[in-house]
Amino acid sequence: GAAYRLAERNPGTRYVILERRERIGGTWDLFRYPGVRSDSSIYALSWSWEPWRGKEYVADGDVIRDYMEETARKHGIFPHIHFGAHVRSADWDSSTDTWTVHAEENGTPRTYRGRFVFFGSGYYNYDEPYTPEFPGISDFKGTVVHPQHWPEDLDYTGKKVVVIGSGATAVSMVPALARKAAKVTMLQRSPGYLFSMQRNGLLTRTVRAVLPKSLSYWAIRFIALMFEKIIWVASRTAPGAVKKLVRTQNTSMLPAGYPVDVDFKPRYNPWDERMCLVADGDVFEEITKGRLEVVTDHIDHIDETGVVLKSGRHLDADIIATATGLQLQALGGARISVDGTEVKPQDRFSYKAHMLDDVPNLFWCIGYTNASWTLRADMTARATAKLIEYMDAHGYTHAYPHL
3 GAAYRLAERN PGTRYVILER RERIGGTWDL FRYPGVRSDS SIYALSWSWE PWRGKEYVAD
63 GDVIRDYMEE TARKHGIFPH IHFGAHVRSA DWDSSTDTWT VHAEENGTPR TYRGRFVFFG
123 SGYYNYDEPY TPEFPGISDF KGTVVHPQHW PEDLDYTGKK VVVIGSGATA VSMVPALARK
183 AAKVTMLQRS PGYLFSMQRN GLLTRTVRAV LPKSLSYWAI RFIALMFEKI IWVASRTAPG
243 AVKKLVRTQN TSMLPAGYPV DVDFKPRYNP WDERMCLVAD GDVFEEITKG RLEVVTDHID
303 HIDETGVVLK SGRHLDADII ATATGLQLQA LGGARISVDG TEVKPQDRFS YKAHMLDDVP
363 NLFWCIGYTN ASWTLRADMT ARATAKLIEY MDAHGYTHAY PHL
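Residue numbers (the numbering used here): 3 to 405.
Hints are supplied without guarantee of correctness; some may be wrong.
Ranges between beta-carbon positions, derived for each pair [to be verified]: (1) S140 with K215: 53 to 63 Å; (2) Q329 with Y270: 17 to 27 Å; (3) K388 with T113: 26 to 36 Å.
Calculated directly from the structure, the hints in this document are not laboratory data.
C-beta: ideal position from N, C-alpha, C; glycine also.
Work out the full structure: start from the sequences and follow the hints.
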């Protein structure tokens, strides 16, 4: 996205993209667990300058990755990408107004120099996910896996699987596991908000049937953006109404007599934490079929055959999946310095979430946490391209925010 906006506003500007992985995709190439998909509307998540052509309102991870690669090839961005390039450090030299970037490219040290550096490296550590120390985990005789590094050859057919966690990863994963496993248990310490949306609902089908293809994307995108905005604003201003809406939907999709208050009644208001998207009600469907169980309890310890809870209950498991989150990491873990002095992002103020105070010509892309990530990422890319254009037009060699 940043490359497109840069070339759009500054044609002829030379740039290179250093991509640590061997393929385009980032998150959508890294995460390969069963059921990986978008946790917001793909119409809002996709780029406005390359309309989403699929029929899905919620898209699977491999489809999103393919869309990214097709887009890069279509717009001439792909040849600028150096794959297998792991950025280790970036050093600013005020005497030359340039950045020197040190990387390992397929194991070989490489050095790049340029006026600007744009970090589109995400917000978490790709190598090490967050995994708490569960007492007794080393005693477990089965397989322990974190979704961030899901083995492609892991066969869970007919197995008993316990998924620890109930965030976006767990919610997208457990229905897919339940279709092949003997039994899946989603173990959570406390409930979160789950809201179901259709992958290809009546509204989107109607819009596509009525409007020309060139207009239907924009109409559905507008609807998706407005829905996200309305839910967010309503959650802030009328949380009781949103609670009732979510509870009514959950209850209607769960078996009669299900203990909704135990497993699906959070202690906090909607959007105090991220609301999880359920696609086509699949979580509730698998619960109804008896292939998925949600358990709300705390872990006491793990033994040879499964998880022992504080209540005394034992969850038998052949596989334990620790969907326990990510480790935050700024700037892809690269070491940053200005004239030889190390810059620690946590000690700097951030200007509009994309520049650091007193760090020249460096941009950092962080998307929305309460809406589709790409919306803010694209705003950051546009702001970056606009500033570079302004600097070139007025002869400025460097720019940085200062407090």
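Measuring from beta carbon to beta carbon, are S140 and K215 in 53 to 63 Å? 56 Å, holds
Looking only at beta-carbon atoms, does the pair K388, T113 fall within the given range of 26 to 36 Å? With a Cβ separation near 29 Å, K388 and T113 satisfy 26 to 36 Å, so the hint holds.
Do Q329 and Y270 keep their Cβ atoms within the hinted range of 17 to 27 Å? About 23 Å separates the Cβ atoms of Q329 and Y270, which means 17 to 27 Å holds.
When each numbered hint is compared with the structure, no violation occurs for any of them.
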